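*Asks:* Read top to bottom, the protein sequences are chains A and L.
Residue numbering for the first sequence follows the working numbering, beginning at 8 and increasing consecutively.
Residue numbering for the second sequence follows the working numbering, beginning at 443 and increasing consecutively.
The set of hints was computed from the structure by calculation and includes no laboratory data.
Fair warning: there could be bad hints in the mix.
[Claimed, not checked] Where chain L lies over chain A, by a calculated footprint (3+ residues, C-beta under 8 Å):
(1) 207-217
(2) 221-230
[To be verified] Which residues of chain L face chain A? A few of them, derived with a C-beta cut under 7 Å, are:
(3) 572
(4) 574
(5) 576
In this text the structure is predicted, and so the values were computed from the model without any measurement.
Even for Gly, the Cβ is constructed at its ideal location relative to N, Cα and C.
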Amino acid sequence: MRSRAATFGLTAAGLLAILILTLLVFGMPVGASLRLIVEGAFGDKYGVARTIVRIAPLLLTGLGVTVAWRAGMYNIGGEGQYVIGGVCGAWVAKLIAGSPSAVATPLLVAACIAGGAAYGALAGWLKARRGVNIVISTILLNFIALQILSWAVSGPLRQRGSTLPWSDELPRAVMFYRPDHASDLHAGVALALVAALAVYLLLFRTRWGFLVRLVGINPRAAQVNLIDPNRVQVAAMALSGALCGLAAAVQYVGISGQLSVEFSQNWGFLGIPVALLGGLHPGGLLLSSAYFGTLRAGTANLARFSQGGDTLVFVIQAVAVLGLAGIRGYTSLRRPVAEAV
Amino acid sequence: MVSGGGLELVGISKRFGAVKALNDVSLSFKPGEVHAVLGENGAGKSTLVNVMAGLTAPDSGHVIADGRELPAGDPVASRRAGLGVVHQHFTLVPSLSAAENIALFRMRTAPGRFDVAALAAPALERAKTLGWTLEPDAKAESLPVGAKQRIEILKSICDDEPFLLFDEPTAPLSPDEVEDLLRILRRLADEGRVVVLVAHKLKEVLAVADRVSVLRRGEVQAAGLAARDITADQLATLMVGELPHAKPLGARATSHGGLVAQELTVPGDSGAPAVRRVSFSARRGEIIGIGGVDGNGQVELAEAIAGIRPFRGDLTFDGGPVRDVAYIPADRHADGLALEMDVADNLLLGRLRSWPRRREVEPWARELIEKFEVKTSGPAQAAVELSGGNQQKLIVARTLDREPDLVVAVNPTRGLDVKATAFVCDQLRAARDRGAAVVLISADLDELFEVADQVSFMSAGALSPAQSAASLVGGTP
Chain A
8 MRSRAATFGL
18 TAAGLLAILI
28 LTLLVFGMPV
38 GASLRLIVEG
48 AFGDKYGVAR
58 TIVRIAPLLL
68 TGLGVTVAWR
78 AGMYNIGGEG
88 QYVIGGVCGA
98 WVAKLIAGSP
108 SAVATPLLVA
118 ACIAGGAAYG
128 ALAGWLKARR
138 GVNIVISTIL
148 LNFIALQILS
158 WAVSGPLRQR
168 GSTLPWSDEL
178 PRAVMFYRPD
188 HASDLHAGVA
198 LALVAALAVY
208 LLLFRTRWGF
218 LVRLVGINPR
228 AAQVNLIDPN
238 RVQVAAMALS
248 GALCGLAAAV
258 QYVGISGQLS
268 VEFSQNWGFL
278 GIPVALLGGL
288 HPGGLLLSSA
298 YFGTLRAGTA
308 NLARFSQGGD
318 TLVFVIQAVA
328 VLGLAGIRGY
338 TSLRRPVAEA
348 V
Chain L
443 MVSGGGLELV
453 GISKRFGAVK
463 ALNDVSLSFK
473 PGEVHAVLGE
483 NGAGKSTLVN
493 VMAGLTAPDS
503 GHVIADGREL
513 PAGDPVASRR
523 AGLGVVHQHF
533 TLVPSLSAAE
543 NIALFRMRTA
553 PGRFDVAALA
563 APALERAKTL
573 GWTLEPDAKA
583 ESLPVGAKQR
593 IEILKSICDD
603 EPFLLFDEPT
613 APLSPDEVED
623 LLRILRRLAD
633 EGRVVVLVAH
643 KLKEVLAVAD
653 RVSVLRRGEV
663 QAAGLAARDI
673 TADQLATLMV
683 GELPHAKPLG
693 ARATSHGGLV
703 AQELTVPGDS
713 GAPAVRRVSF
723 SARRGEIIGI
733 GGVDGNGQVE
743 LAEAIAGIRP
753 FRGDLTFDGG
763 PVRDVAYIPA
773 DRHADGLALE
783 MDVADNLLLG
793 RLRSWPRRRE
803 VEPWARELIE
813 KFEVKTSGPA
823 QAAVELSGGN
833 QQKLIVARTL
843 DREPDLVVAV
853 NPTRGLDVKA
863 TAFVCDQLRA
873 ARDRGAAVVL
883 ISADLDELFE
893 VADQVSFMSA
903 GALSPAQSAA
913 SLVGGTP
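Could you build the full structure based on these sequences and the hints that come with them?
*Replies:* In structure tokens form, the structure reads like this:
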């Protein structure tokens, strides 16, 4: 058994090595690039703000993935749940336009959460009811969600009088509080921290969380003890979608204030490597989302070296997850087979 | 005629951990005879088959085929020496055709390049001489059980193998198919082969065997008895040993209350009924034993009582609906435990209806660990790291600690060592003495006679009337 600190150290060293290797492969000067990444992410208060607002959605979608995967539901549909959450938020914003912000802001957030939850539960229900493979259904539902978004912003949700596919802009007062209007930092990011704590308590301190973990490990053991694993899994998918919907709320009500086809910035997909690297544990997710959030904020600076500068983060995430999978596979091969009885 | 001399086992011993599966087993099989090896579950039959087939290397002793010693633990060498094995569980590839399965089997040992038709030809030829119609292009998965077994048999005899080993071949067959198979065994022996039939059903054995040997707890109880000189009763006693003094029928049972099942019909996984119109009762203060070969509907019956499987018919406890059954499932890894979770979590599976406060969990888990003598480093140890016996104790602890009124246990001591077995049996007795109704389903006759007050047997989904252990001495199934 390796200690937690050792695991952390090894993982951190591995991630740094992957980052350096990727820079080398891209033909970028390593030292200068690393300095630019750090400067971009932490160089001034704007950099720090940029980093924090990128960590928040990653942490939330990562939490969503965590809840579903813990229940044995390999939800690849965070992106779709995020998008549908945003669409529901924008739809409600249109319905209640003109309401005071004390009413409007919570309603928008609730709408995003509800939309994501419903979309996640749909995939869970298809699995429970019809045995549809959750990976396939959630991937396909992503495409449907993106089409719904594109239809919504060019149709029913399009800003009046605009020819561009954009929804109405939220009034400043309805959006999350910003301490400094020159930066993107907003109060909504606190929701991500609250959600991380809540998911931790739920998974590891409650009966329901126990059932989620049990069903993910051995659904038959749940069934034998008269728990219907399907119900637990559908509920876990709903919560997973709700967290992705909350991520959408944080971006919509906190950053963009309006929807376009660009609303989805792959946050839903990026939640998967965050969750895997974080060991499907909210505590680990704080670290993994911080790492990827920092990279995403910092690598924007690299554009001056290379056209693909800010796509570097995607390459690094992919390599990190593959490396992790390789290490897991290797250790599980070496682990002695449990004594057969 | 096939000529190959005799097959001999000399002083074979094999132990698995603390369990002696085979202890100095010496047997000799002659050509031209059907020689049955009998034994209850756990008597060492499977290990014996595996040693003979070269799948398991014995700790000591060896197998001699026609005067030559076979290399231990080398299945290909055993096959080359002419030993054909028809395994209890079929080894066919479902998506391949009959001919392809035979070709696949022979490609390692037959000379020449890979050619399905050529490799399968001798087997198909044999099928003709045996009067079997065989569709060589039919996919194995589409064939009925009897036809699958025929392919297995053809695989083992198409090279004129002089030594044939059948491991519980009648288990999956219908009565008609059994009759047909026994005729084939006779014929294969008459052609001059050694035919070893490993089985536990006395009737079938006596119908076909020339000689009978009996294994019990890994030791030879009787070697090469002439079948015509022995009765089923004598064989039963040899297999089971001296029966423990049977308790008087229902002595402890209180006169009222308990589980009553009437006309219970339970579907199997395929949807076809696995349990057919079964009626029985288990009163409070009574252990009802249900014996029989695995796969005759016992698990389905248990799951129906435990509320996991739907059923038709009536099931009542103390006159009302059955609720809160303490269920010890047959397959502790698949059904009983979440192996990657820790000991405390696995105990918590028994508290789903009375979820404890968080700070109560650890002291409670420690208390159960101590009370049920679970050997573990503590509540936080992963269940997968425990030995089989201690894993079973976890399940027993969490199901019996809440003092249930109804206990259903399926093969609760399978794979456990003597001490753990005694412990589990004691716990079942304690539950009974507390006034619980206990249904003990077990393929282990010794255990049933030792623990149960009354015993009945399940076969093909039907249940025989309950009898006290004493009345069963002369008539095991």
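*Asks:* Evaluate each hint against the coordinates.
*Replies:* Do the hints match the structure? See the list:
1. 207-217: The restraint on the region 207-217 of chain A holds, since 3 of its residues have a Cβ under 8 Å from chain L and three suffice.
2. 221-230: Coverage by chain L holds for the region 221-230 of chain A (6 residues, Cβ < 8 Å).
3. 572: Because about 38 Å separates residue 572/L from the closest Cβ in chain A, which is outside the 7 Å limit, the hint is violated.
4. 574: violated, 37 Å
5. 576: violated, 36 Å
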